[in-house]
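Undergrad: Sequence:
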Amino acid sequence: MGLVFGKITVETPKYEVIQSTNDYEIRKYPPAVVAEVTYDPSQMKGDKDGGFSILANYIGALGNPQNSKTEKVAMTAPVVTKDMAENIAMTAPVITKASGGSAGGEKVAMTAPVLSTQAGGGEVGKTMVTMQFILPSKYKMAEAAPKPLDERVVIREEGEKKYGVVKFSGVATEVVVMEKMEKLKKSLERDGYRVVGEHLLARYNPPWTLPPLRTNEVMIPVE
1 MGLVFGKITV ETPKYEVIQS TNDYEIRKYP PAVVAEVTYD PSQMKGDKDG GFSILANYIG
61 ALGNPQNSKT EKVAMTAPVV TKDMAENIAM TAPVITKASG GSAGGEKVAM TAPVLSTQAG
121 GGEVGKTMVT MQFILPSKYK MAEAAPKPLD ERVVIREEGE KKYGVVKFSG VATEVVVMEK
181 MEKLKKSLER DGYRVVGEHL LARYNPPWTL PPLRTNEVMI PVE
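For the sequence shown, the working numbering gives the first residue as 1, with consecutive numbering after it.
Do not rely on the hints blindly, as some may be mistaken.
The list that follows gives simulated cross-link-like pairs (lysine-lysine, DSS-like), each with its CA atoms no further than 25 Å apart [unchecked claim]:
1. K7 - K72
2. K183 - K167
3. K28 - K183
4. K7 - K28
Label pairs and their in silico Cβ distance ranges [said to hold, decoys possible]:
5. D40 - A144: 26 to 32 Å
6. G46 - F168: 23 to 29 Å
7. P206 - K140: 25 to 31 Å
Bear in mind the hints are in silico, worked out from the structure with no lab data behind them.
All residues carry an ideal CB built from backbone N, CA and C; glycine is no exception.
Throw the hints in and build the complete structure from the sequences for me.
TA: Right, here's the structure in full:
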């Protein structure tokens, strides 16, 4: 019942607040290990969040974990998505195959954020999405995480990062997210920060949480 009312009961990333203003926070996040999948939403019935079930299967959130060990990987929050405007020429996708292939699996606890990166606007007119789960903090290196059985899932390490962040409630529609991103970007640049990447959308709650009680964040990497 608590999830319906916005209670967050899973691990969330630790961070240091460097600056807090009326418009945003500047946060420094430590290195982390992520599981990610890149896909074409049109192959997921048009669902931009279609990678969620692939990653959830990897950690064992939907049943038997689809990885090389038997330990459950805990669920974390938030789920993070990243929209990235790129011009993509007619190139072939690079697919990283996972090692392993045994039937057993380590159940990885669900963590947040789940990150998705959207790349589109290229010559082929196709939109690709990369979604990430941030693995629990006990995984300090990619090699320590269980190896995925699904070759679409990639485990990698991310270094320390600094973000400008704005928090909001409600449904994180594309229109709302773009409005928040544009306002945040202008505020950061006004105050002398340099934007060094595309924005992320961090969603902390499941779909059944009441919209006014949801926690969402737009995050922009800065220097």
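Undergrad: All hints, please: hold or fail.
TA: Hint check results:
1. This hinted pair checks out: K7 and K72 have alpha carbons roughly 22 Å apart, not beyond 25 Å.
2. Proximity of K183 to K167 is assessed by CA-CA distance (about 12 Å); at most 25 Å being required, the pair is judged to hold.
3. At most 25 Å may separate the alpha-carbon atoms for a hinted pair to count; K28 and K183 meet this at roughly 21 Å.
4. Straight-line distance between C-alpha atoms of K7 and K28 comes to about 24 Å, which keeps the hinted pair within the 25 Å bound.
5. Distance hint check for D40 and A144: the Cβ-Cβ separation is about 31 Å, which falls inside the suggested range of 26 to 32 Å.
6. The hinted window of 23 to 29 Å between G46 and F168 holds, with their beta carbons roughly 25 Å apart.
7. Look at P206 against K140: about 28 Å separates their beta carbons, and that is inside 25 to 31 Å.
The structure meets every hint from the earlier list without exception.
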